[in-house]
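Q: What follows is the residue order along each chain.
2 protein chains.
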Amino acid sequence: MPNKGMLVVLSGPSGSGKDTVLSEIFCKAPELKKSVSMTTRKPREGEIDGVDYIFVDESVFTDAVSDGKMLEYARYGGNYYGTPKERVDSWLSEGLTVILKIDVQGGENIRRLYPDAVSIFITPPSMSVLEKRLRRRGSEAEEEVRKRLAIALDELKSISDYDYMVINDSLEDAVDDVITIIKAEQLKVTRRKNYLSEVIENV
Amino acid sequence: MPNKGMLVVLSGPSGSGKDTVLSEIFCKAPELKKSVSMTTRKPREGEIDGVDYIFVDESVFTDAVSDGKMLEYARYGGNYYGTPKERVDSWLSEGLTVILKIDVQGGENIRRLYPDAVSIFITPPSMSVLEKRLRRRGSEAEEEVRKRLAIALDELKSISDYDYMVINDSLEDAVDDVITIIKAEQLKVTRRKNYLSEVIENV
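Chains as they are written, first to last, in our numbering: chain E, 213 to 415; chain U, 213 to 415.
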């Protein structure tokens, strides 16, 4: 029988670099499962259905919500985004580790539904670095940068609801930190339900 | 101001290989501090006072106990063994990570005194491997081997009181596991009391 699966909730403000950290993690540790969000927004160039998002019509999305098939969902800029429950639960029942990238509000819901979930907050090394990163994108108007900084500051106040904090100063270190956390959590006695039988066998 | 120091309690039955694991850990991660036990037993050949043990007379030991200077102590085979409190507390107040090798009974005391302590149980991969290891030492009489196996089995029942379980099958993996656990614990939000100021600075 496998050990219990493990759900890892990963959050962080815009500009924390959590997407880059995540892509690196799935390269380095392909045994980790990535929960793919469902959305009603149209695919952008290069985005692959089922990999980047599950792209669906609004009626499919709202049906999934009313059928209780979504772990959480939210509406941004006229589009729905959410986490389908089925695949996550099926991976967990196989004893696998599933990573869920989610915003701070969604994170709260998930922790309520999965009290054993491990939660990691990725932060930029400082607000001034975050500001530089947001400006470097170039595409953002001054007002947008200000707005994102205010949101980031607000989200940072939720760090205390998370189990772990990873400061994304060097990408490589941040990726190693997240993988280290996952490995350590897998060594927790509470996650190794067969721990005694592993050792004792037929005494 | 440094983050809070961290106390790591490491236990495991005789034959689990915890001493070898520990020596490797201090080689690989010299920033970790080793709590040195005090004992009234005579030094064995090659043992260095202050490194392997603090060797003292019985009167010094019992005075330390009655002065409240010991975190825990026990008597085995006519000799006292115990953990002096002062150095551990001073390292912790400097924000350092201190590793304490201790038996299962001592571990309970320490967890009561330091509820934030991280506890790791090192086990042999199986009882049959443990038996082989104990016999391989050669020096142990059959009766002694039986006695140690019975004690080990009893100690294994305490695993559920520990936070983490490391199976010492390959020495290298076991050492990596312990270092991984320590690194991950250092990333816990509760251990990074300055977490917000680290990031937010002068907003």
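Treat the hints as calculated values from the structure; they're not laboratory data. Even for Gly, the Cβ is constructed at its ideal location relative to N, Cα and C. A few of these clues could be false.
Claimed, not checked - Heads up, simulated DSSO-like pairs for lysine-lysine below, C-alpha to C-alpha not over 30 Å straight-line: (1) E:Lys-369 x U:Lys-297; (2) U:Lys-281 x E:Lys-395; (3) U:Lys-297 x U:Lys-369; (4) U:Lys-254 x E:Lys-400; (5) E:Lys-400 x U:Lys-344; (6) E:Lys-344 x E:Lys-297; (7) U:Lys-400 x E:Lys-369; (8) U:Lys-405 x U:Lys-216; (9) U:Lys-281 x E:Lys-240; (10) U:Lys-369 x E:Lys-240; (11) E:Lys-297 x U:Lys-369; (12) E:Lys-369 x U:Lys-344; (13) U:Lys-359 x U:Lys-240; (14) E:Lys-400 x U:Lys-400.
As the list claims (entries may be wrong) - Distance windows between CB atoms, simulated: (15) U:Asp-275 x E:Gly-307: 29 to 37 Å; (16) U:Ser-409 x E:Tyr-288: 49 to 57 Å; (17) E:Lys-369 x U:Ile-363: 43 to 51 Å; (18) U:Lys-344 x E:Thr-402: 49 to 57 Å; (19) E:Glu-354 x U:Glu-298: 41 to 49 Å; (20) E:Glu-354 x U:Cys-239: 23 to 31 Å; (21) U:Lys-254 x E:Glu-306: 25 to 33 Å; (22) E:Ala-362 x U:Asn-406: 38 to 46 Å; (23) U:Asn-406 x E:Lys-281: 57 to 65 Å; (24) E:Glu-384 x U:Asn-406: 36 to 44 Å; (25) U:Asp-301 x E:Gly-290: 37 to 45 Å.
Q: Next step is simple, just say for each hint if it's right about the structure.
A: Now the hints, each set against the structure:
1. For the suggested pair E:Lys-369 and U:Lys-297, the alpha carbons sit about 36 Å apart, so the restraint of at most 30 Å is broken.
2. For the given pair, U:Lys-281 sits about 37 Å from E:Lys-395 by alpha-carbon distance, which is inconsistent with the 30 Å threshold.
3. Taking the CA atoms of U:Lys-297 and U:Lys-369, the gap is near 28 Å; set against the 30 Å cutoff, the hint holds.
4. Distance hint between U:Lys-254 and E:Lys-400 is unfulfilled; the C-alpha atoms sit about 38 Å from each other, more than 30 Å.
5. Simply put, E:Lys-400 and U:Lys-344 have alpha-carbon atoms about 27 Å apart, close enough for the 30 Å limit, and the pair holds.
6. Under the criterion of a C-alpha separation no larger than 30 Å, the hint pairing E:Lys-344 with E:Lys-297 is inconsistent with the structure, at around 37 Å.
7. Between U:Lys-400 and E:Lys-369 the alpha-carbon distance is near 15 Å, which keeps this suggested pair within the 30 Å criterion.
8. Using a Cα cut-off of 30 Å, the hinted pair U:Lys-405 and U:Lys-216 holds, with the two alpha carbons roughly 7 Å apart.
9. Proposed proximity of U:Lys-281 and E:Lys-240 is contradicted: the alpha carbons are some 48 Å apart, above 30 Å.
10. Restraint check for U:Lys-369 and E:Lys-240: the C-alpha separation of about 36 Å exceeds 30 Å, so the hint is violated.
11. For the hint linking E:Lys-297 to U:Lys-369, the alpha-carbon distance of about 36 Å lies beyond 30 Å, and the restraint is violated.
12. Restraint check: the Cα-Cα separation between E:Lys-369 and U:Lys-344 comes to about 54 Å, which exceeds 30 Å; the hinted pair is violated.
13. Restraint check for U:Lys-359 and U:Lys-240: the C-alpha separation of about 34 Å exceeds 30 Å, so the hint is violated.
14. Simply put, E:Lys-400 and U:Lys-400 have alpha-carbon atoms about 14 Å apart, close enough for the 30 Å limit, and the pair holds.
15. Separated by about 53 Å at the C-beta atoms, U:Asp-275 and E:Gly-307 break the suggested range of 29 to 37 Å.
16. Distance hint for U:Ser-409 and E:Tyr-288: a CB-CB separation of about 31 Å, inconsistent with the stated range 49 to 57 Å.
17. Remark: the range hint 43 to 51 Å for E:Lys-369 to U:Ile-363 is upheld by a beta-carbon distance near 50 Å.
18. As the Cβ distance of U:Lys-344 to E:Thr-402 is approximately 30 Å, the hint placing it in 49 to 57 Å is violated.
19. Between E:Glu-354 and U:Glu-298 the Cβ separation comes to about 57 Å, which falls outside the hinted range of 41 to 49 Å.
20. The given range of 23 to 31 Å is broken by E:Glu-354 and U:Cys-239, whose C-beta atoms sit roughly 53 Å from each other.
21. In this structure, U:Lys-254 and E:Glu-306 break the distance hint of 25 to 33 Å, their C-beta atoms being roughly 56 Å apart.
22. Taken as a hint, the range 38 to 46 Å is violated for the pair E:Ala-362 and U:Asn-406, whose Cβ atoms sit roughly 22 Å apart.
23. Take U:Asn-406 and E:Lys-281: their Cβ atoms lie about 42 Å apart, and the range 57 to 65 Å is violated.
24. Separation of E:Glu-384 from U:Asn-406 is about 24 Å and departs from the stated range, judged on CB atoms against 36 to 44 Å.
25. The hint said 37 to 45 Å for the Cβ distance between U:Asp-301 and E:Gly-290, and at roughly 58 Å that hint is violated.
Comparing the model with each earlier hint shows violations of hints 1, 2, 4, 6, 9, 10, 11, 12, 13, 15, 16, 18, 19, 20, 21, 22, 23, 24 and 25; every other hint is respected.
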